[in-house]
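Here the protein sequences line up with chains S and H, keeping their order. Going by my numbering, the first residue of the first sequence is number 1, and it counts up by one from there. Going by my numbering, the first residue of the second sequence is number 1, and it counts up by one from there.
Bear in mind the hints are in silico, worked out from the structure with no lab data behind them. Accuracy of the hints is not assured; some may be wrong.
With beta-carbon atoms standing in for the labels, derived distance ranges [said to hold, decoys possible]:
| id | chain 1 | residue 1 | chain 2 | residue 2 | range |
| --- | --- | --- | --- | --- | --- |
| 1 | H | A77 | S | G100 | 49 to 55 Å |
| 2 | S | K161 | H | G67 | 32 to 38 Å |
| 3 | S | L271 | H | L129 | 40 to 46 Å |
| 4 | S | T61 | H | E81 | 31 to 37 Å |
| 5 | S | T61 | H | P238 | 53 to 59 Å |
Glycine included, C-beta positions come from ideal geometry on N, C-alpha and C.
Protein chains: 2
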Amino acid sequence: MKLRRSERIVAITKILIDKPYRLFSLNHFTQKFDAAKSTISEDLSIIKRVLAAEDMGQIETISGAAGGVRFIPKKTAGDIEEVVTDLCQDLSDSDRILPGGFLYITDLIFSPETVMEIGKIFATQFAELDADYVITIETKGIPIALATARAMNLPVISIRKDNRVTEGSVVSINYVTGSSKKIETMSLSRRALSEESKVVIVDDFMKAGGTAKGMLDLLSEFKAEVLDIGVLMETAQPEKKLVSNYTSLIVVDKVDEEKQQVVVRPSNSILGKSD
Amino acid sequence: MKLRRSERIVAITKILIDKPYRLFSLNHFTQKFDAAKSTISEDLSIIKRVLAAEDMGQIETISGAAGGVRFIPKKTAGDIEEVVTDLCQDLSDSDRILPGGFLYITDLIFSPETVMEIGKIFATQFAELDADYVITIETKGIPIALATARAMNLPVISIRKDNRVTEGSVVSINYVTGSSKKIETMSLSRRALSEESKVVIVDDFMKAGGTAKGMLDLLSEFKAEVLDIGVLMETAQPEKKLVSNYTSLIVVDKVDEEKQQVVVRPSNSILGKSD
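With the rest of the complex left out, here is chain S:
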């Protein structure tokens, strides 16, 4: 079917947005819509202009024979602040306090709309790093990693917390959790990650950073280069973590079981302020 401009624009917008970071050649669209290159170029410049003006992400054009056009989800600083502030408000609910002073966050992490927003924030943070993989550790890191990876068009690799893994030979390390000083095991299938890959790490929570430190140690067995670490939440204490370069979205200052009080705030690093 031969489409008019406004019709073609619907279909092209859908195609680009459905597959973030996927490069489509101009030929893909000229053939699909039986339209001239100049026509498609004009369609694309309208889409690009509107998405930019409405802060809905970026259309990037790459010229040359291997070139094409792709959609890059980007959140503005204002958007990020809004999402993180909303999350903080939700997390401040004292009903979230669990026995032992833990905070119930599973519902947020497993809400697709919420976690997709979190993923887009990390994707914005990692946009210029040219990573090959998004790495996480089961279980609650997985939805965040998948959302981040979807916004970056990268595969996820999930480190296992045991070694009962039916994935061929695995590399395992023992690590000491920074907060409870327990010895745990984490494993990664040899075939999951090729050597000397460039990776970013995401996880849900950082207390002392023992798990993150363990992930760095395990990844060094694969000679991976870790470009950045993103965590949804970190605790204010201990201030000095076992890893140094990471970005958190939210800082947990206090979970007081007795007073039924939760104090959380947007992290300075994500708001672009220096700590």
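With chain S's structure known, arrange chain H on it following the hints.
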């Protein structure tokens, strides 16, 4: 900024597609774009017509005061067959055979593009069921559940395979895995699922169906109504599973470690053929 039709259409398409199943009132758009109701209605009917003609999903209009418009991702039978056939081809690679006759599928499940397609297939399958939650069990079920839930705008609930769960009081059951006859534990936090919810289950793999049976037992403790079960892959043997109503996308006929041979095929149920 006052937009022209082709420009408005880009923004409206983006808003609808980004949040499947989310109902947007017409007022949302008339205010955002400072346009008359009739103008927005016409924009929407163009978007609806194009998405339908290009098999890109459905725009549903719900009339009345609480009404509005929403995007429903739907895959056609032809699309589903294509995705499943491609998956089968990928899975037939003898490099996927792991010691013990297991099949390596982690890379597919953790590839956002692939798992989002799988999620849209299950969302199409479950579209009319009016479920409240998508339920899965860690670890490899999680990406599939999240992709399905994203296409349906539903929360995911992930059952844990241990009971070292920091989520308040949990309900745990012991279950016998149908194939290896081992006793395992699965747990779900009491607060995760309200009683008498309507749910659909998704998982990556079904052999004898012991895990699925365990999930049904655990969910019955929450008085949940299980509307359907979807699994990415099932083994042809044993033919009789411990659960009866489920849909699989792919059937594994044989993984022969000695001959280095994998035989998989699209499931009859997903192709609309009776077994």
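Do the hints match the structure? See the list:
1. H/A77 to S/G100: 49 to 55 Å: holds (50 Å)
2. S/K161 to H/G67: 32 to 38 Å: violated (47 Å)
3. S/L271 to H/L129: 40 to 46 Å: Taking Cβ atoms as reference, S/L271 and H/L129 lie about 42 Å apart, which means the hint holds.
4. S/T61 to H/E81: 31 to 37 Å: Cβ of S/T61 to Cβ of H/E81: about 34 Å, so the range 31 to 37 Å holds.
5. S/T61 to H/P238: 53 to 59 Å: Roughly 54 Å apart at Cβ, these two residues keep to the hinted range, so it holds.
When each numbered hint is compared with the structure, a violation occurs for hint 2 only.
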